[in-house]
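Novice: Can you build the whole structure from these sequences, using the hints too?
2 protein chains.
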Amino acid sequence: MMTLYGYWRSTAAYRVRIALNLKGISAKQVSVHLVKDGGQQHTPTYVLKNPTHLVPALELADGTVLTQSLAIIDYLEALQPDPALLPSNPVARAKVLAAAHVVAMDIHPVNNLRVVSHLTDAFGADAEAKRQWMCHWMDKGFAALEQMVAKDSRFAFGDTPSLADICLVAQYYNARRWGLDLAPYPRLTEIEETCLALPAFAAAKPEAQPDAE
Amino acid sequence: MMTLYGYWRSTAAYRVRIALNLKGISAKQVSVHLVKDGGQQHTPTYVLKNPTHLVPALELADGTVLTQSLAIIDYLEALQPDPALLPSNPVARAKVLAAAHVVAMDIHPVNNLRVVSHLTDAFGADAEAKRQWMCHWMDKGFAALEQMVAKDSRFAFGDTPSLADICLVAQYYNARRWGLDLAPYPRLTEIEETCLALPAFAAAKPEAQPDAE
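Top line first, the protein sequences correspond to chains A and B.
In short: position in the first sequence from 1, add 13, done, that's my numbering.
In short: position in the second sequence from 1, add 13, done, that's my numbering.
Honestly, the hints are just simulated from the structure, not real lab data.
Cβ atoms here follow ideal geometry from the backbone N, Cα and C, with glycine treated the same way.
Treat each hint with caution, since some may be false.
[Said to hold, decoys possible] Computed far set for chain B versus chain A, every beta-carbon distance over 12 Å:
| # | residue |
| --- | --- |
| 1 | Q53 |
| 2 | V78 |
| 3 | N125 |
| 4 | G171 |
| 5 | N187 |
[What the hints assert, rightly or not] Cut-off 30 Å, straight-line C-alpha distance, at most; resulting in silico cross-link-like pairs (BS3-like, lysine-lysine):
| # | chain 1 | residue 1 | chain 2 | residue 2 |
| --- | --- | --- | --- | --- |
| 6 | B | K49 | B | K62 |
| 7 | B | K218 | A | K62 |
| 8 | A | K41 | B | K153 |
| 9 | A | K153 | B | K143 |
| 10 | B | K41 | A | K153 |
[What the hints assert, rightly or not] Cβ-to-Cβ under 8 Å is the rule here; a few derived chain B residues that face chain A:
| # | residue |
| --- | --- |
| 11 | W21 |
| 12 | L83 |
| 13 | I85 |
| 14 | P103 |
| 15 | P122 |
| 16 | V123 |
| 17 | T133 |
| 18 | A135 |
| 19 | A138 |
| 20 | H149 |
| 21 | Y186 |
Specialist: Written as structure tokens, this is what we have:
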């Protein structure tokens, strides 16, 4: 069986949990607490598995460890192609990937816990400055994403959930956590609601995880 | 013919230029100056093509516009599979993607021009504070990447350039630009040298572009 090293509040781990659920692949979950003990992602045993000091990591049955949420999901897509998380048409596929990357590249890395903590170390940012920083990048990304998703499909692109939906739903968790005004993004909000009505998404929610506090 | 909207110094555009060259696909280049005129990426005509206000964007012959460098390269891989930028074995592929994502997700977004500029707007960061910010994230990413690439292959993984090499070489340009000490990363430095000896990489260099200043 696979082992997913994650943390309930990590939106990158949340993406992998959704993908595993959609594809019906079971994995044992191991919690890597990002704050306790100075951050368990920095322990020597974890860093041997994942030298980036980040979650998630997916350990396969043979001990191979995969890192980076979107690389892990790419592997799951090859392992279990059905249901597909990306269209087969190259242009359609690039459009879904681009939407996913708005979250995974333009928003999430800039709002990562370690980056936001470094704002305090480097510039003395207080809690409110950090919240504003996070909302600033979410607003920019969501404004683009609202334009990029399909206008009248059930999910972000088409009638089945894709990688774009996975990234969007995970980022929306953070948006709600940090109090972002979501009124400017009616289409994204509608997609989130559609997704969370599915058991695969609902079971992957941070608050549904064994290590949720 | 395709049109690549980019900027000589954008390392995301640099990645796409390398991929186009490796695959022998020609594209007309249009420069989107990221500083002049308050940033040409914010002009209404460009934002209609790319709502993220970022470069690059690739316009296909039929007018379809693709955005996000790694989504664009994914499209190019489907359009012209040879030479392959990713291995076909799912685990090997996920490892190359993960290495590419260390640059494309963990380093580059946090060091993006707009993010670093925002450090000044939000926290009054001066030039040296911004340089330190950039070097901090490059160091963290490169330290992981040095462990992740293959120890004894010609390129990052194997005997041919992959997406990991593309991302690494582009990020190394920024590392040199901002004066990062590269001594701790002998393997990455060796890979960069091997890559830049190839015409496909050399012709894609920022300083070789028509809009280089």
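Novice: Confirm or reject each hint.
Specialist: Going through the hints against the structure:
| no. | hint | in the structure |
| --- | --- | --- |
| 1 | Q53 | holds (17 Å) |
| 2 | V78 | violated (10 Å) |
| 3 | N125 | violated (8 Å) |
| 4 | G171 | holds (17 Å) |
| 5 | N187 | holds (15 Å) |
| 6 | K49(B) x K62(B) | holds (19 Å) |
| 7 | K218(B) x K62(A) | violated (34 Å) |
| 8 | K41(A) x K153(B) | holds (29 Å) |
| 9 | K153(A) x K143(B) | holds (21 Å) |
| 10 | K41(B) x K153(A) | holds (29 Å) |
| 11 | W21 | violated (21 Å) |
| 12 | L83 | holds (6 Å) |
| 13 | I85 | holds (7 Å) |
| 14 | P103 | holds (4 Å) |
| 15 | P122 | holds (4 Å) |
| 16 | V123 | holds (6 Å) |
| 17 | T133 | violated (10 Å) |
| 18 | A135 | holds (6 Å) |
| 19 | A138 | holds (6 Å) |
| 20 | H149 | holds (7 Å) |
| 21 | Y186 | violated (18 Å) |
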